Amino acid sequence: MNNTVLIWIALPLLLGLALVTIQRFRRLSTILATIIPLLLAGSALLFSGGLNLQIIGRVFTLSDSFQVFGRTIQITADQLRILALLYFLCFLWNLISGMFDVGRWFNSLSLVITALWGAVQFISPFLYSAVVIELIALISTPLLSPRGTPARNGVIRFLSMQTLALPLILLSGWMVSGIETSPSAESLVLRGSLLVIAGFSLWAGIFPVHSWLPMLTEETHPWIITFLQTIMQIGLALFFLAFLNHFAWLRNLDGLTQVLKWIGSLCVVSAGVMLVFQRKLSRVLGYIYLAGTGYIVLAMASTQQGPLELISLMLLPLTFSYWSLGFTFSALRQALDSEILDYDELVGLVWRYPRISILLVASLLNSFGMPLFSLFPSRRIILGIVATESLPIRLFISVGILGMVLMLLRLLSVILQPPPDVGQDKVESPLLVLPVALILLLMLVGGLFPQFFSAPLNGLLVSFQNLLK
Amino acid sequence: MVGSILAGAVNYLPFGWGLLMDDILHFLPIYLALAAAILNLVRRQWTLNLISLAVLFISMIPPLLRILPTPLALILPFTGLMVTLILYLTLLNVGGIERIHLFRRPTSGEIFRALVGIFLITILRVFLPIIQQAIFPQVSLSHLLLSLGLVLVGLLQLGTIQEPFYLTIGILTFLSGFQILISALEFSYLLEALFVAVNLLLAIVGAFFIVKNEESKQHE
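Chains as they are written, first to last, in our numbering: chain C, 43 to 511; chain P, 11 to 230.
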């Protein structure tokens, strides 16, 4: 077991499967599912400086490649930071999963899914990762559609979309396989690029093929869906960077930056407009993810003009913002004993559950990228680069942000109303003040000192040599 | 092997008949597979759908034998048959296996789906030479007809049906079509292994959906 692939991909996969056998012992399963990714993330960071490490006089040397079915999978020291990020994310979500009713599959499958997202980044030829993403979608099914309820439309549409994306990505690679030797084949490049963009749009739920996103957030427990969507968004962003890094024809395509800008701004504007008309907080979460995808795409477009580090600057604040949203929505769901969190159920929330209400407003402000909050620094840079060029894009993003603000004002008007007299509410635990204060503090620290979140991810993208300027 | 035995038998027929039979034997499994896929799209009888699924996967063997060595050509059909078996056992456990009513009057929805399926296959057949020339010059017409036909019927199934069992069949049909196409373009053991994992997981997800739906019906 002195191989990076075995330690950070095969071992967690096996441990995840082993956790399935002890999932009846919920507490033990949660503890193990918290400790294992933390150890994996920590050790990945330790070895990210080099695969030879001296600890207390003993030298540990790891090899970086592994053969499977005649293909080589390689994870170098530089790339271990990516795995550290993914396992840290898994650790964050497992850490307090015991507080919520997330079902007994969560701990084991979250570890398996994280290992598979790690594999997606390093399989060679990397286009085959498309099949692994399909595997992840299928493995997520027991989490998205727990037993006792019939399979609903969101999960069915999600599976269909993920399946449709698979052939597009695989064919794109085959279609332009000889392009390096005949760079004049413009029509092939165009076809390949269209397939790649269509494939990623279906995977990430980009406007207008996003309908499964709010449906899924409505049907699934917020803690589960925030984990799955966050790791998917980050995994796909890194995978798209791998595409850009690997394929010169895609990277150098005329107009790619412009296309990405339009896709990103369309996501932001559609999310903003749809947010205004929502009456269920559970669906709001879906549109926040749509806007988040839009900003990531805009960041990808910005890296053509700005530094690649912009992506790593936004990844940790984004993870934290989704984590806090997941925590807030889950706490709210538990307090109100409601799955869909309709606005009617939120009337007078501030007077009934003041701590959760404060957290709700702060989490939404944070995820919208408002000033003082942790996502603001990266959003400000993205908008500074992207929106200064084209008036329609500027207009689209402004309308999107306006929609988000209007949604927040509408929600405030609901939660600030006098509470209805509907019998006994659950009592909010005074201990909740501690996590609420901590999360608020982290949001503000991240907003005021951006390096607090960006420093740990320094050098995350050094393996994308062709994209570094 | 089956193909060579049949081809040998055809050689003993009179000249014209031999060519005709050769043509029929070449296209028969392809049209059989497409017919099975369309039957799955149209009819809503679980037992009939499972038989069609088995026929679909068995019919894939001769076209795959033409492009791959026998052990490799059998991977996809055998995986498909395993998937069918998993679905069959699940349906058996929940009491979903019933007598087939072959001559039941078709509903308007069934007629619509059948017509759309046949229309799509016909359109595909007409434009196939152009598609071959423009995109897949190295793939034979019959192979393209089978693979793209299955992809289209699978897509149609995914787009028109919400029931999880038929979603599973739709995804299986769609992915089988694509696997047949990709096996003509490039072969990789890793890719094949990943597709086997996807197909088997799909069967488990399908079984999970079937059991879940039955459980929730009982709760109601």
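None of these hints come from the bench; they were simulated from the model. On a predicted model such as this, the values are computed, not experimentally measured, just so you know. Please note that the accuracy of each hint is not assured.
[What the hints assert, rightly or not] Reference listing, derived: stretches of chain P covered by chain C, where coverage requires no fewer than 3 residues with Cβ under 8 Å from a Cβ of chain C:
no. : segment
1   : 171-184
2   : 193-199
3   : 205-212
[Unchecked claim] Derived lysine to aspartate or glutamate pairs resembling DMTMM-like cross-links, with alpha carbons at most 25 Å apart:
no. : chain 1 : residue 1 : chain 2 : residue 2
4   : P       : Lys227    : C       : Asp379
5   : P       : Lys222    : C       : Asp143
6   : P       : Lys227    : C       : Asp143
7   : P       : Lys227    : P       : Glu173
The C-beta atom is built at its ideal place from N, Cα and C for all residues, glycine as well.
Hints, one by one, checked against the model:
1. 171-184: holds (count 6)
2. 193-199: holds (count 4)
3. 205-212: holds (count 5)
4. P:Lys227 x C:Asp379: holds, 23 Å
5. P:Lys222 x C:Asp143: Distance ~19 Å between P:Lys222 and C:Asp143 Cα, so the pair holds.
6. P:Lys227 x C:Asp143: It holds: about 23 Å lies between the C-alpha atoms, which stays within 25 Å.
7. P:Lys227 x P:Glu173: Between P:Lys227 and P:Glu173 the Cα gap is close to 14 Å, so the pair holds against 25 Å.
The structure agrees with every numbered hint stated previously.
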